[in-house]
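Colleague: Next come the chains, spelled out residue by residue.
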Amino acid sequence: MMGYIIRRLATALIVVLGVAAIIFALLHWLAPSPAYDVLGAKAQPAAVASWNKLHGYDRPEIVQFFSYLGDLVHLNFGYSYKLSQSVSALFKENAGRSAYLTLAALLLSLIIAVPLGIMQAVRRNTFGDYTFTTLNFVLYSMPSFFLGLILIQFLALDWGVFPPTVSDSITTAWQAFDHPTQLALPIVTLAAINVASFSRYMRSSALDNLAQDYIRLARAKGLSQRAVLFHHLLRNACLPMITLIGLSIPTLLAGNLLTEYLFNYPGLGLLFYTALGNLDYNVLLAYVILGAILTVLGNLIADVAISIADPRVRLD
Amino acid sequence: MTEPEAPLLEGLGDAAGMPIGAPEGGEVQIIASGWNLALREFFDNKLAVVGLVVIVFFILFCFIGPLFDSTNQTLVNPLNTDLAPGGHYLLGTDEHGFDEFGRIMLGGQTALEIGFFAAAIATVLGTLWGAIAGLAGGLVDGIMMRIVDVLLSIPLLFLVLVLATKYSGTVVRLSLLIGLFSWLIPARLVRGEVLTLRTRDFVSASRVMGANRRRIVLRHLIPNALSVVIVNVTFQVADSILILAYIGFLGFGLQFPSTSWGDMLGGAQNYVTEGYWWLVYPVGGCLVVLVLATNLVGDALRDAFDVRLRRR
Chain A
60 MMGYIIRRLA TALIVVLGVA AIIFALLHWL APSPAYDVLG AKAQPAAVAS WNKLHGYDRP
120 EIVQFFSYLG DLVHLNFGYS YKLSQSVSAL FKENAGRSAY LTLAALLLSL IIAVPLGIMQ
180 AVRRNTFGDY TFTTLNFVLY SMPSFFLGLI LIQFLALDWG VFPPTVSDSI TTAWQAFDHP
240 TQLALPIVTL AAINVASFSR YMRSSALDNL AQDYIRLARA KGLSQRAVLF HHLLRNACLP
300 MITLIGLSIP TLLAGNLLTE YLFNYPGLGL LFYTALGNLD YNVLLAYVIL GAILTVLGNL
360 IADVAISIAD PRVRLD
Chain B
-9 MTEPEAPLLE GLGDAAGMPI GAPEGGEVQI IASGWNLALR EFFDNKLAVV GLVVIVFFIL
51 FCFIGPLFDS TNQTLVNPLN TDLAPGGHYL LGTDEHGFDE FGRIMLGGQT ALEIGFFAAA
111 IATVLGTLWG AIAGLAGGLV DGIMMRIVDV LLSIPLLFLV LVLATKYSGT VVRLSLLIGL
171 FSWLIPARLV RGEVLTLRTR DFVSASRVMG ANRRRIVLRH LIPNALSVVI VNVTFQVADS
231 ILILAYIGFL GFGLQFPSTS WGDMLGGAQN YVTEGYWWLV YPVGGCLVVL VLATNLVGDA
291 LRDAFDVRLR RR
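So the sequences go chain by chain: A and B.
Just so we're on the same page, my numbering is the position in the first sequence counted from 1, plus 59.
With my numbering, letter number 182 in the second sequence gets 172, and the count goes up by one each step, no holes.
Chain B with its partners taken away, still in its complex shape:
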């Protein structure tokens, strides 16, 4: 983020010339050149827009697409297995005779559902946990955050996989499984945010006015910590989709004939040597592009919120 060659004074001048007002002295070196910053912001926004468009495209493609191009995705058809793309089947068929193009839509539905649902669970849980810990302070905070430390030191994928041996197969179960173990990072972030917020005057003022804890948490702390939370949600979605892909690839995902992109890649893995490329690259490409788009949006959001903090 720094622009080393730019002299300090030039940076000051450019920044001061901008309509949003001059930054405080200590922050000058971050904003080196107004032009550069504007350019970068523009560039970031463009990427964010592209990312957002891609996400919306996938939502439409996966949920509305099957209405226009409905295919059989429930009955195995042994006569049509592993057909190459072309003719009736746009992307060929898989090892069960399902139309691959329609299957990508179906797998995308579950990936998106689980990604967003798991992220929502993790965010709500983590936000409440972090806010309560940060506000309570003292022993309660200590105990709550040690619990977070303990859970955070257990590698997520392993824990989820072990539980998936018994508790897996449906969208709701997988969302719960992923969501219930990935709220730790948001909890830490929100707690840190609350710790800085709770000393602010407006929180003291509302406490003096007789607001109870619940009100302070719900009406003052959470709304103000929201920027951190929003940025985290996007990364949480990307991570959940990836974790789901890992689980599916290893064969502990959804119950057949439901599927997700990870399940499909896991099945396709056996056919790589046969040269059935249409079972590997379209699905894998969709997975990478969706995760990439989500990460892009998250990055751009973080930068946007950072800039706002700098200008304050």
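One chain only, chain A, in its complex shape:
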């Protein structure tokens, strides 16, 4: 187990190094030097050259890459010359709100998808099952922003239950938590993307488990349907969810970007969107690296967690 984790961590490190190399190459191609951002678009070539020399942008690429790596290790993601702040400070400021939105959406999607999948499996091939399967399929094919627009139209503008955008007065994750109506629509929009795929997997996993002997034994012992479903089926059928949550991180990050943009909720996604408009490549590429690290970590944690939860899974 320990050996496995160490080996996986080493592989993850190599992957992250590869990602860093690609990102550095991209950064270099898109924005070789921030000199023009600092000195202005009409700066004299001589001034640019001297600025580059002063800040080390005239060194060979490979040297620059290693100093970039060194900065990364120190969690220094560069400086946003457009927002005049270090990227790490910007991330620190926005990460909490994004994390709250994403985790709340993940939790909500699990709360909906797990019972829904089990219900569908137990009552398979009934009208209800078909209805939800169809609904999931539609939801799965729907871009999250379109769902968001529909929710805004009906729940916010027509019926006025929730505000159409998140209020500017929500500045901390705690405030967001404290005013649930403000974030209800963003959380539901983000959760809906995952509900579709989660409940599909949950349904097929529950179906597989319902066919197992241990369920038949539990029924033969005379346990009630409730006990069979909640004590025996639930725990086993949920195992694939662990892997699925680990794999859903890129989807969540992308959904996060669109949801925050749509509802004007200040988080990492909105920061990324602003940086796209500003051509603020230090912020953009730092966020891409962060996304890649989260993806790698998500896979790793999911693999380890499944082996802890399911003794049949051996890691070696």
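These are calculated hints, taken from the structure and not from any lab test.
Chain A stretches covered by chain B per the calculated footprint, using a threshold of three residues with CB under 8 Å from any CB of chain B:
#, stretch
1, 200 to 214
2, 344 to 351
With the C-beta cut set under 8 Å, the calculated list includes, among others, these residues of chain A facing chain B:
#, residue
3, V78
4, L85
5, L89
6, V197
7, P309
8, L312
9, L335
10, T354
From the three backbone atoms N, C-alpha and C, an ideal C-beta is built for every residue, glycine too.
Use these hints to put chain B onto chain A, whose structure you have.
Modeller: Just chain B now, kept in the frame of chain A:
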């Protein structure tokens, strides 16, 4: 796919009664009831047919439609902006005074072109990459697949968006952008398929007969791995259309006055509060229905190929 309540023997009997011949012992529990299977297959096919019809409809609607209902889609008309549907304009006009119905056709053209073109690029690249890696094995395979691992851990949408800030605006550029970063899944799938295929006798036989690598890859491995590839193409098309919609919605899509459905929704988003529903729901509906149809076809194809594998 399993039918838990059905007794094992009943499943065996039904399956054995079918014309395609009895499955091997270990696979019995998958095919529980011949009736059910036939019914399900029928049901799946129907959905696939519906999906296919929808895709063909959209291709005709978007590419042939403008020939019958040609509208001005290049010159902004400030006098005709945001007209409600009715009269001359079937679906009203948008914020530039373009006929919305004609604009949906135009946006559909680019969505379909980019969807299929990007999927084609991704599939060709991924198939070759996976086939070569799987066949070469050893260090080459290791290096090639680690490259795939690295690229796969970078969230696709972010990478594409960052590049779209500099490299976007036309159909070809967007197709290349999406296609060049989504070949990783097909590469993995094909490699896995090749790894199982390369140990088969017919590959050894052709190698003994003196076939070179190129021939083995092009004539034996790729054709046999084709089922996996075909299934993946359909999902690839759906994903490419969605990614394009995301890019367009965020405003980094095609150069005005060209458009795609995502661009249109991005523009319409500002008018939701005004109640201009015709700028939101028809486009969004088309997008969802097309992606849904493509996914349906993909699902049905996968099931069809799975069934064939089971019966072998």
